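Go by the hints and put chain F onto chain S.
Protein sequences appear in the order of chains S and F.
Just so we're aligned, residue 33 is where the first sequence starts under the numbering used here, counting upward by one.
Just so we're aligned, residue 753 is where the second sequence starts under the numbering used here, counting upward by one.
Some hints could be false.
Calculated lysine-lysine pairs in the BS3-like style (CA-CA distance at most 25 Å, straight line) [what the hints assert, rightly or not]:
id, chain 1, residue 1, chain 2, residue 2
1, F, K914, F, K754
2, F, K787, F, K956
3, S, K189, F, K769
4, F, K821, S, K198
5, S, K189, F, K1029
6, S, K200, F, K821
Quick look at which bits of chain S chain F covers, simulated, 3 or more residues with Cβ under 8 Å [stated by the list, open to error]:
id, stretch
7, 39 to 50
8, 55 to 67
9, 101 to 107
10, 119 to 132
11, 147 to 159
12, 182 to 188
13, 195 to 203
No lab work stands behind these hints, which were simulated from the structure alone.
Since the model is a prediction, treat every value here as computed from it, not as a measurement.
Every residue gets a Cβ at the ideal spot worked out from N, C-alpha and C, and that includes glycine.
One letter stands for each residue in the lines below.
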Amino acid sequence: MTAELSFSKEINNLMYASHGKPIKDCLQCGVCSGTCPAVEFMDHSPRELIGMIGADLKGDVLASNTFWSCASCFHCTVRCPAGIDIADMMYALKRYSIWKGQYQEGLIGPDFSEGFVKMIVNSGRSFEPILAVTYLPKFSARDLIQEAITATGLVLKGQMPLLPKKIKRLKNFQQMVRRIIPIGGTS
Amino acid sequence: MKPYAYFPGCSLESLAKSYHLSAIEVAQELGVELKEIEDWNCCGATAYFPVDELLAYTLVARNLAIAEKEGFLDFVAPCSGCYKNAYFTNAYLQKDQDLAEHINYALEADNLHFEGTMRVRHLIEVFIDDVGLDEIEKKVSHPLKGLRVAPYYGCQLVRPRKDDEDVENPQFFEGLLSAIGAEPVEYASKTRCCGGSLIITNRKAALDMVHKLLKDAAYSHTDVIATTCPMCNVNLEVYQNQVNQEFGTNFSIPVMYFTQIMGMALGIQPGRLGIGKELVYGATLRNM
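With the rest of the complex left out, here is chain F:
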């Protein structure tokens, strides 16, 4: 397999360090070579687009151009927000020559040029499509038998729609969880938004959204919620306590990155997966 351009994104260096650790460990175990691109910048998250659209595309294009210059064919982001920004910037710039020209003028200032030669992928997609579920299943040494894992897709992994992907009831996450021996939980909210950055800009709304998700997951007998995005993970995990205070609930649902859960099934030591840094840590997992 060719090496992949790895774009960790800002969160993976701070609040989502355990995602970073577990992504690297699992990739290594599966023979996926992730090479962090040099001197990358923030993708702009959701907060940059409200200020200037062109600048938002320029920021993302710089990262894409760096990876192109380094000769990569695949650009991989583990954060759904970074992934969505990179995927659509790549697509828009590929089809809109005027836009690409404008942005290339700005990129010249850093001796870069966007060509549009790469594919942008989310990390979960690389594991499922490039490594393959059969291969993953073969490497599982500790099948997570009886563990009910709720696949939480969130928003920007599956939206906006890309080509003909199923945005209403995607199934790939469930497939991955089955491959590692876990029991995927069926629940209605798997693609419902966690509130994203509203947790800062409109806390009342975001806590309500997190509350609804946790309620649905708890009702469906979830042992652990699996996430593919640092923002989702933080909102569901770190703010769980605030939800309990606000709504008089007593949720105690562990929330983990899908890579941490995969890592456990692959027999990687919990410490190397960043497990143990959570604020909510369920009894089920402690006993695994």
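Okay, chain S solo, but in the shape it has when bound:
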């Protein structure tokens, strides 16, 4: 009987191309947590999260907002004395949690990412106003009003485009995407 892959190995396997050091090399020194500019908004600091992964606390890890609060600034990655690509690990956790459909309720990150991918598959380009539709419903009333004021300012200054662009060879592009992941209808 094949042994089931541990959670930390699963996450390691999701860090494919960067070839960073495995998560188990972590020294628990905390340089990542001291470096992270978003740490005070995380349920668990990066160091804690890595410890939790090592202990295979899968449920607790997936329920944490930590990896969805990562801005991908790679400051932890360049400072980690054990050579772990921690920012890439946060990406791996995002992937895992999207695939399993398991994440903390109320987070905007998962919807934003999925909306972004759909938008690109549909047009080949990213376009802010269309993307906004995917995340604005999750905004609080206060943030929504703030966002509307900011957007109005941008439109008045001619900084906000009103029409989306599409790439020319969109059919080929979508076929290319299909060769990597299955996609459904694209309109």
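Below, chain F without anything else, positioned relative to chain S:
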């Protein structure tokens, strides 16, 4: 100089139009030929990698393969996010044959093939390394004397680390600012993150990050913050007002693309550099 494959990226066609305009103007003035590659697609930003890693590399590889097919040797991105994605995809695909093979199978659908023959560069790198600071200095007609410019490197221009680059205290941006006669501001946060796309997905965290940056820049007597990335520029500039409301501050620090600041020193008309579309426009600059 050989022409460069220019990859503007989605932001430069919308929120960062002034970056696009000023990049083209300054390049022209310095004799750098930027040729926009044909039918490029979005690089995936930071939002694509959470969904599928292979697909994220495929998207970037398509742009690289288009530029290779057009015969370019250098692929230039003005956006730090596009730059980081292109740089590392290029590097990973060059060293990992299996990955390249997998992705080339997908690229076939658009009659493309990734060879790995190009170098990926950020626009600021092209100006500093290929044109050179001496050459830039010679072309300065309006030295920005007394203007205190805070070089904001942000994240993805210098991270993750490439070869032996200095990721803790880089100096090249300061060098460029000195070459155009400005006074580079020394401040601790120059490589601290602006929050990136957290401005959408975790606004509280992002506004806090922007607040800390603005506070540090203001404390260091900054006249203008210079950026190398549309995301940084938008977070620091467009959201400055929200930071003021949230934290009871009254920051009014202009934020400009480094190309706009270079353009002013090179004597290019402000309108042609997209200057005047900012939401925060400082008195110092108005008087220059």
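List of violated hint numbers, smallest to largest: 2, 8
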